[in-house]
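Visitor: Sequence:
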Amino acid sequence: MAEKLVIVESPAKANTISKFLGKGYKIVASVGHVRDLPKSQIGIDIEKQFEPKYITIRGKGEIIAKLKKEAKNAKKIYLATDPDREGEAISWHLAHLLKLDSEEECRITFNEITKNAVKNALKSPRKIDMSLVNAQQARRILDRIVGYKISPLLWKKVKKGLSAGRVQSVATRLICDREEEIENFVPDEYWSITAELKKEKDKTTFNAKFYGAGKKKIELKNEEEVNKVLDEIKKEKFVVGKIKKAEKKKSPVAPFITSTMQQDASRKLGFTSKKTMIVAQQLYEGIDIKGIGTTGLITYIRTDSTRISDEALEQTKSYIEKKYGKEYLSNEKRVYKSKSKAQDAHECIRPTDVNVQPDDIKDSLSRDQYRLYKLIWERFVASQMASAIYDTVSVDINAGEYLFKGRGSTIKFKGFLVLYQESQDNEEEEENAILPELSEGEVLEKKNIIPKQHFTQPPPRYTEATLVKALEERGIGRPSTYAPIISTIQSRGYVVKESKVLLPTELGKIVNDIMKTCFPEIVDIEFTVQMEKKLDDIEEGDKEWVEIIQNFYNQFVPMLKEAEEKIGNIEVPDEVTDEICEKCGRNMVIKMGRYGKFLACPGFPECRNAKPLLEDAGVTCPKCKGKVYVKKTKKGKKYLGCENNPKCDFMTWEKPAGENCPKCGNFLTKKYSGKKAQFKCSNEECDFTKVGEDKNKKE
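FYI, this note's numbering numbers position 678 of the sequence shown as 678, with every residue one higher than the one before it.
What the hints contain is simulated information worked out from the structure, not anything from laboratory work.
Accuracy of the hints is not assured; some may be wrong.
[Said to hold, decoys possible] Estimated spans, in silico, between C-beta atoms of each pair:
no., residue 1, residue 2, range
1, 604, 38, 27 to 33 Å
2, 647, 38, 47 to 53 Å
3, 198, 516, 55 to 61 Å
4, 242, 314, 43 to 49 Å
No residue lacks a Cβ here, since even glycine has one placed at the ideal position from N, Cα and C.
Using the sequences and the accompanying hints, generate a full structural model.
Guide: Quick look at the structure:
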């Protein structure tokens with residue numbers, strides 16, 4: 001009989017911890033929540049101060065029976081669920097089912113699943129923190145009230161199966177509002193003038209951009225203004241004016257928190273937020289590493305704190321000095337500011353042991369685990385390295401009364417850039433031009449003058465990375481909610497992802513309009529932010545959860561009644577296609593199902609014909625000359641396949657290149673390897689290949 005029972009949420013976590021503790025411990029998993037509100041009803045007694053009616057989750061009976069049996073035989077029980085609101089709530093539900101005393105010091109937490117962290121946690125158990133539990137309950141009840149009161153209204157007025165969520169509706173609004181901005185955007189014309197210049201007897205040219213006249217900046221708005229400048233500088237000499245040289249420092253960015261990890265994994269690895277969190281959870285819960293054993297590789301992954309423990313800091317400094325040299329160490333302790341109300345009991349997302357280098361354990365990790373661990377490891381180590389140093393030069397070049405400016409920079413000391421370069425959304429290539437040695441009064445040779453017309457661009461559509469950034473910056477949601485929010489608005493059919501950007505569907509726009517008209521506060525960004533702050537106040541023990549819910553409900557009920565009377569029945573028209581139903585001859589329409597869009601006959605229920613919606617790839621099959629479609633695997637990965645499958649087995653993972661093979665005439669495919677595009681013929685019997693343009697120059 002085990003004297004001590006440790007209960008965690010996941011079997012993977014249980015497996016890792018069992019390797020650290022001796023024979024006197026039994027480690028079991030609850031496999032997530034064991035109790036929840038019922039799905040079939042609202043599950044809240046509004047008349048009794050919003051008392052939640054928890055029930056055992058269907059399918060958990062066997063697990064609960066096992067937990068009760070193990071608890072009965074144990075002398076001491078430790079609840080070791082995750083160190084956040086959700087984890088605290090799971091522990092509270094477990095304590096209720098196992099009939100533990102509310103004063104029992106049974107709760108242990110750790111931010112990393114390593115031997116030392118687990119053993120230290122066992123030395124200082126505490127009581128369950130009811131402030132954390134109440135904050136989780138308040139969020140759950142708020143979301144339940146919104147979802148279970150508004151959703152039936154949407155079923156009745158718009159379409160059966162629709163639902164509304166408190167935070168998800170705000171995320172949908174952000175995407176709809178951005179689309180409206182783009183649709184209403186009126187571009188403004190502007191021009192630039194670039195002078196290609198060189199020193200006498202020097203072959204190398206450099207660029208200088210038109211600035212204005214004297215010290216006054218001039219915006220060139222049309223061709224007439226540009227031609228005026230061009231005419232006036234035709235006969236002018238380009239003379240070097242003021243030269244300013246400076247040393248510029250670039251500091252590393254903070255180690256990852258949940259939102260920045262999701263953003264960088266999206267930009268650099270192409271991961272969805274959901275995939276990032278799944279892979280990160282695996283790294284956190286523990287991997288069996290050759291020569292090390294099973295251990296958690298990273299700290300807790302749901303955090304908005306950039307704090308670093310003193311132990312981790314000293315270990316990292318020692319690693320940097322040994323690996324790169326003392327000059328690569330930051331002169332001062334780098335402390336990164338967390339946002340207000342961040343859960344500073346947590347740390348940033350970092351490797352549990354910085355000496356476990358990604359390439360050393362690559363063979364023990366899956367490809368996705370390796371890539372994400374490498375990203376986390378490099379970002380963290382770089383955060384404690386010295387700044388990069390650039391030598392910069394700015395040159396004023398006079399052409400008569402007009403002023404051009406040339407800028408250049410060279411890297412003097414790479415510092416943290418030897419390891420990690422932060423990526424940005426919609427980033428443009430930095431100008432790192434190297435200017436020749438110039439002196440004031442020097443006359444330059446004019447090689448070319450290039451005028452160029454530009455138009456202002458509308459704001460970009462949200463990607464998963466930029467939506468997470470927008471939610472975090474506005475204070476909407478919390479680290480644990482970003483990935484579920486994005487998954488939910490897509491699964492409901494309110495938003496679709498095309499070419500990495502998020503677009504509102506017609507249904508999403510209709511539901512958003514209803515929410516904005518009838519429930520303005522629910523989808524009001526500031527209202528949502530204030531509600532998040534109130535949930536934080538409950539967590540801190542500063543406010544009572546029932547009072548917060550009651551105040552919200554008092555505002556919500558009148559809005560609900562008014563909406564019932566105001567909204568008429570709204571029909572969402574199906575998108576008609578050119579595809580003809582082979583059973584009855586009608587034009588088929590696009591419907592949205594639980595697995596995405598599909599083609600259906602509008603004659604339902606008389607005609608029940610339905611089939612997958614396939615995107616025409618615009619090329620013909622190299623084997624049978626049939627149409628080639630863009631298809632998806634069960635896991636959602638895209639590939640090209642022939643319309644005559646299974647008779648024709650043609651398929652490829654590569655995209656069409658938009659050109660045909662010069663040898664056999666079949667279409668070429670394209671994929672990127674490093675920075676170069678690799679072209680090859682889709683016909684297996686043809687050996688034509690070629691290397692294409694630089695990846696950075698592709699559209």
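Visitor: All hints are to be evaluated individually against the structure, with a verdict given for each.
Guide: Here is what the structure says about each hint:
| no. | hint | in the structure |
| --- | --- | --- |
| 1 | 604 x 38: 27 to 33 Å | holds, 32 Å |
| 2 | 647 x 38: 47 to 53 Å | holds, 49 Å |
| 3 | 198 x 516: 55 to 61 Å | holds, 58 Å |
| 4 | 242 x 314: 43 to 49 Å | holds, 47 Å |
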